[in-house]
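> For reference, the chains in residue letters:
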Amino acid sequence: MQILRKTELKAYKKAKKIGQKGVIEILSKKGLVGRGGAAFPTARKWQFAIDTKSDTKYVICNADEGEPGTFKDHLVLEKVPENVIEGIIIAAETIAAKQAYIYLRGEYEYLKPKIQKAISSVLKRSGSKVKIDIVVGAGAYVCGDETAIIKSIEGYRGQAYLKPPFPPVEGLWGKPTVINNVGTLANVPQAILFDDWDPHLRLFSLSGDVTKPGIYEFPMGVSLKKLIELGKPKNPVKAVYFGCFGGCMPYKEILLTPENVCGQNCVIGAGTIIVVDNTHSIVDMAETIAKFYAFESCGKCTPCREGSKRCLDLIAKIQSGKATKQDCDTLLDLALHIHETSLCGLGQTATNHLITALKYFREEFEQKCKLH
Amino acid sequence: MISLKINNIDVKGKEGDMILDVAKRYGIDIPHFCKNDRLERIGACRICVVEAKGQQKLIASCCTPIREGMEINTHSRRVMEARRTNMELLLANHDLNCVTCKKNLSCKLQRYAEEMMIDEITFSGDKRLYEVDHSSISIRRDNNKCILCGQCTRICNDIQTVNAIGIQNRGFHNKIAPPFGMNMHESACVNCGQCVIACPTGALTEKSDIQGVIDALRSDKFLIAQTAPSIRATLGECFGMPPGTPVTGKMVTALREAGFDKVFDTDLAADICIIEEATEFIKRFKENKDLPLITTCCPAWIKFGEQFFFEELHHMSSCRSPQAIMASLIKTYYAEKIGKKPEDIVLVDIMPCTAKKFEIKRPEFTGEADFVLTTVELGKLFKLLNVDFINLEESDFDNPLGESTGAAAIFGHTGGVMEAALRTAADWLTGEDLKEIDYKKIRSMDTLKEAELTIGGKQIKACVVHTLGEARRLLEQIRQGTCPYHFIEIMACYGGCIGGGGQPLPTDKERLIKRTKALIDEDEHKDIRKSHHNKSAIKLYKEYLGDFGGKKAHKLLHTEYYKRDYV
Ligand code: SF4
Ligand code: SF4
Ligand code: SF4
Ligand code: SF4
Numbered sequence: 001m002q003i004l005r006k007t008e009l010k011a012y013k014k015a016k017k018i019g020q021k022g023v024i025e026i027l028s029k030k031g032l033v034g035r036g037g038a039a040f041p042t043a044r045k046w047q048f049a050i051d052t053k054s055d056t057k058y059v060i061c062n063a064d065e066g067e068p069g070t071f072k073d074h075l076v077l078e079k080v081p082e083n084v085i086e087g088i089i090i091a092a093e094t095i096a097a098k099q100a101y102i103y104l105r106g107e108y109e110y111l112k113p114k115i116q117k118a119i120s121s122v123l124k125r126s127g128s129k130v131k132i133d134i135v136v137g138a139g140a141y142v143c144g145d146e147t148a149i150i151k152s153i154e155g156y157r158g159q160a161y162l163k164p165p166f167p168p169v170e171g172l173w174g175k176p177t178v179i180n181n182v183g184t185l186a187n188v189p190q191a192i193l194f195d196d197w198d199p200h201l202r203l204f205s206l207s208g209d210v211t212k213p214g215i216y217e218f219p220m221g222v223s224l225k226k227l228i229e230l231g232k233p234k235n236p237v238k239a240v241y242f243g244c245f246g247g248c249m250p251y252k253e254i255l256l257t258p259e260n261v262c263g264q265n266c267v268i269g270a271g272t273i274i275v276v277d278n279t280h281s282i283v284d285m286a287e288t289i290a291k292f293y294a295f296e297s298c299g300k301c302t303p304c305r306e307g308s309k310r311c312l313d314l315i316a317k318i319q320s321g322k323a324t325k326q327d328c329d330t331l332l333d334l335a336l337h338i339h340e341t342s343l344c345g346l347g348q349t350a351t352n353h354l355i356t357a358l359k360y361f362r363e364e365f366e367q368k369c370k371l372h
Numbered sequence: 001m002i003s004l005k006i007n008n009i010d011v012k013g014k015e016g017d018m019i020l021d022v023a024k025r026y027g028i029d030i031p032h033f034c035k036n037d038r039l040e041r042i043g044a045c046r047i048c049v050v051e052a053k054g055q056q057k058l059i060a061s062c063c064t065p066i067r068e069g070m071e072i073n074t075h076s077r078r079v080m081e082a083r084r085t086n087m088e089l090l091l092a093n094h095d096l097n098c099v100t101c102k103k104n105l106s107c108k109l110q111r112y113a114e115e116m117m118i119d120e121i122t123f124s125g126d127k128r129l130y131e132v133d134h135s136s137i138s139i140r141r142d143n144n145k146c147i148l149c150g151q152c153t154r155i156c157n158d159i160q161t162v163n164a165i166g167i168q169n170r171g172f173h174n175k176i177a178p179p180f181g182m183n184m185h186e187s188a189c190v191n192c193g194q195c196v197i198a199c200p201t202g203a204l205t206e207k208s209d210i211q212g213v214i215d216a217l218r219s220d221k222f223l224i225a226q227t228a229p230s231i232r233a234t235l236g237e238c239f240g241m242p243p244g245t246p247v248t249g250k251m252v253t254a255l256r257e258a259g260f261d262k263v264f265d266t267d268l269a270a271d272i273c274i275i276e277e278a279t280e281f282i283k284r285f286k287e288n289k290d291l292p293l294i295t296t297c298c299p300a301w302i303k304f305g306e307q308f309f310f311e312e313l314h315h316m317s318s319c320r321s322p323q324a325i326m327a328s329l330i331k332t333y334y335a336e337k338i339g340k341k342p343e344d345i346v347l348v349d350i351m352p353c354t355a356k357k358f359e360i361k362r363p364e365f366t367g368e369a370d371f372v373l374t375t376v377e378l379g380k381l382f383k384l385l386n387v388d389f390i391n392l393e394e395s396d397f398d399n400p401l402g403e404s405t406g407a408a409a410i411f412g413h414t415g416g417v418m419e420a421a422l423r424t425a426a427d428w429l430t431g432e433d434l435k436e437i438d439y440k441k442i443r444s445m446d447t448l449k450e451a452e453l454t455i456g457g458k459q460i461k462a463c464v465v466h467t468l469g470e471a472r473r474l475l476e477q478i479r480q481g482t483c484p485y486h487f488i489e490i491m492a493c494y495g496g497c498i499g500g501g502g503q504p505l506p507t508d509k510e511r512l513i514k515r516t517k518a519l520i521d522e523d524e525h526k527d528i529r530k531s532h533h534n535k536s537a538i539k540l541y542k543e544y545l546g547d548f549g550g551k552k553a554h555k556l557l558h559t560e561y562y563k564r565d566y567v
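Listed in order, the protein sequences are those of chains A and B. With the numbering used here, letter number 130 in the first sequence gets 130, and the count goes up by one each step, no holes. With the numbering used here, letter number 231 in the second sequence gets 231, and the count goes up by one each step, no holes.
Hints in this document: simulated from the structure, not taken from any laboratory. Accuracy of the hints is not assured; some may be wrong.
Listed below are several chain B residues computed to face chain A (Cβ distance under 8 Å; list not exhaustive) [what the hints assert, rightly or not]:
#1 39
#2 45
#3 52
#4 54
#5 92
#6 125
#7 167
#8 174
Per label pair, the in silico range of CB-to-CB distance [said to hold, decoys possible]:
#9 A:25 <-> B:16: 27 to 35 Å
#10 A:133 <-> B:54: 55 to 63 Å
#11 A:156 <-> B:208: 32 to 40 Å
#12 A:116 <-> B:290: 31 to 39 Å
#13 B:547 <-> A:174: 52 to 60 Å
#14 A:96 <-> B:119: 20 to 28 Å
#15 B:117 <-> A:326: 54 to 62 Å
#16 A:198 <-> B:55: 42 to 50 Å
#17 B:119 <-> A:370: 19 to 27 Å
Think of the CB as a built atom: it goes at the ideal place given N, C-alpha and C, for glycine as much as any other residue.
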């Protein structure tokens, strides 16, 4: 796997040599984009922070991978933590930040000693003066949102707040802050160092009804079929979920690019593929994801706080056999409403699975309804 | 200037203006719950969503800045449906017992539901159920009526810096509460009621004492009312009169009609308070000891100081608040005068304030005032007793505790106490009857204001703050020894008592300015505008209290403060 190639601080040395401008140029030429899902060009994000005048700036490494079925940050942190730390110090020195934080998902706390060791070793060997602290999150999925991470590090409730101003302009404690996720930062030294570094390679987390779940590295545009066959499903595959919040589609061959997936009303996001075979009910899937969502909503805005609960209520009603087709319409309307009016990315995406499930698998819902 | 279209009307605004505010300037009201002009915008209620052409999702108009060429629709079908759904989501989780709710007919949630014609709620299922928190003396907290707009917590944390309440839990289980499962009484709450006047629903309301007052009115006790300086400038609003209409005479008549035997004016006690405080100030100023001196009319500020700045309490004036001065005089001097036992007199204080309910329950004031009714409660009492307020004749306060000066009138707004105190202190320090008595600089709505005067080559630096966050900044300076002032007025409520937690809703800046003007007008139209010229007050000292700041005055007009632990 490309992502696991060690850079051994050579990229850091090169970065020192070519300087701020050189680093931005190289990252922009090589086409490194964020691995968190939004695919925003990393060089541009950094440039915003460079252009904002301030004595104090911060870098945050988002290691708050909290979505079920997603575990590739974990792989990277486990196998090549030094690369991530090297990426952090390159980022910090490029934007002139003296302090960096690693916001670690609560459930990954056991990785802390390992990361701590990597920090000490990298700082010692590189001579970099950047201070890196690990902050362990309290296990709320919404903290994957950049602004919620900032609030959480500041010691407040991990709730999203309004953008703009965007973090590179006004972030942690009001200072310019670059937030990149683990995958992005691990790619930074590689992009700088290796001429053959391929910007198109992505990690896909494959799970669900497969006998060989795991993390696979492929370029964007890989065949969905090829990927799923690697997982060796036991039964005929019925549907594919792009993580909990990326939506679902009936299983068929497509090439996995953001555009193609979008064409199926889904979002490829962080490359999480959950396979569902014909032994499982889509309504059960809907219920499981809706429960996760209701649990993770931070509760700040009305549609997400109240709506997540009412989705759950409606699904429970459908499951109980007491619902009518009208209830399926209400559920879809509510799912669309939450998507349209929620405050942060969590609420805006949390009902994608329902919107697509009711589009592609409506008969499974209706079969459970009373006849009329 | 940025040009855009709202509902097809060409409008203009400045860079950084939010859509909702620009729309309002053009007469388009966009409904909203969580927006409050004094607070950070959080865009949480999502009731203010609007449609912007070319944008896929709806946007929150309270916190989306205008951009050149935008085309906004505030009431398209899509917008109205989304707004309605959000309303229904709130209502599906609401204790909809409007008829028995204290906010019935003055509740924003109810009003919007009516305006949006919500006659059915699509969603059903569990509701969050909470016990009503009756523990506080001042505030009733009913989370079953809460729509989680977060105004109360932002007021309490960001403006007042008390941090008594916060948002807890996540998702559907969000709730507003004091920390660690405490109730309001155990919390750090200073009872200012600023959260109450911000709350759009019946979740936070004043603790009602109306029933107790009715029982007293129907008993054979001797009933006395005293009315605080600000009430006359706000009570009219309870009866639909324009903000800033002075209703002093009607208020006195109405109280008599309601069954009070005597109606006294807290303004007289305000004049006495100034006499005592100015005496105290001059003594400290001459000795250059324990400066700055801080006024202590506001019980919310006193509790705040006792909790957070105990080591600085020697800066607080030992003088009681006007309410407590009047209560003390009524139960001693006046009771003796009319030959009644104090316990046969029931004293009802009409106050702007939820914190006064707490103040009269302080142990050191036991047996003095019996009840506090807020302005809003008094309005309700009059309605209950069928008092036709609007059409009443005017009448005067009773004597001997009814005469007051212009200096007392202005106690009700921020800066007024300081202005009154400076009038008296300046006269006494110069030994003259000064003509320049208007301290206009400290009348504004700025939360920190300064005044300076030079007497005999010596400079006096005075400062006025309102809101407790502003007070906290000043107290930190005092703690660090960097505070440049000699004399400080602190009021907990924004605008002073005219913005108190018991005043009619809505209390916004525009109304505060009109209420202030009513008090300043009253001052300017009085023949006597200095507290130490109040003839009744002077007579009282001669007859009963002795010297200004003397032994008896101290016993009856002063008090003490205690360290309070808080969480
Ligand atoms: S808070 Fe408003 S809507 Fe709720 S019960 Fe009271 S009056 Fe009715
Ligand atoms: S009354 Fe004042 S101190 Fe108490 S909770 Fe409300 S705002 Fe906070
Ligand atoms: S108590 Fe009132 S002000 Fe506070 S969040 Fe609830 S509804 Fe809003
Ligand atoms: S400023 Fe006035 S109304 Fe507000 S708490 Fe203090 S005394 Fe009460």
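> Give a verdict on every hint.
Outcome of the hint check:
| no. | hint | verdict |
| --- | --- | --- |
| 1 | 39 | 13 Å, violated |
| 2 | 45 | 6 Å, holds |
| 3 | 52 | 12 Å, violated |
| 4 | 54 | 15 Å, violated |
| 5 | 92 | 7 Å, holds |
| 6 | 125 | 4 Å, holds |
| 7 | 167 | 7 Å, holds |
| 8 | 174 | 3 Å, holds |
| 9 | A:25 <-> B:16: 27 to 35 Å | 34 Å, holds |
| 10 | A:133 <-> B:54: 55 to 63 Å | 42 Å, violated |
| 11 | A:156 <-> B:208: 32 to 40 Å | 35 Å, holds |
| 12 | A:116 <-> B:290: 31 to 39 Å | 53 Å, violated |
| 13 | B:547 <-> A:174: 52 to 60 Å | 55 Å, holds |
| 14 | A:96 <-> B:119: 20 to 28 Å | 60 Å, violated |
| 15 | B:117 <-> A:326: 54 to 62 Å | 21 Å, violated |
| 16 | A:198 <-> B:55: 42 to 50 Å | 35 Å, violated |
| 17 | B:119 <-> A:370: 19 to 27 Å | 25 Å, holds |
Hints 1, 3, 4, 10, 12, 14, 15, 16, counting from the list given before, are not met by this structure.
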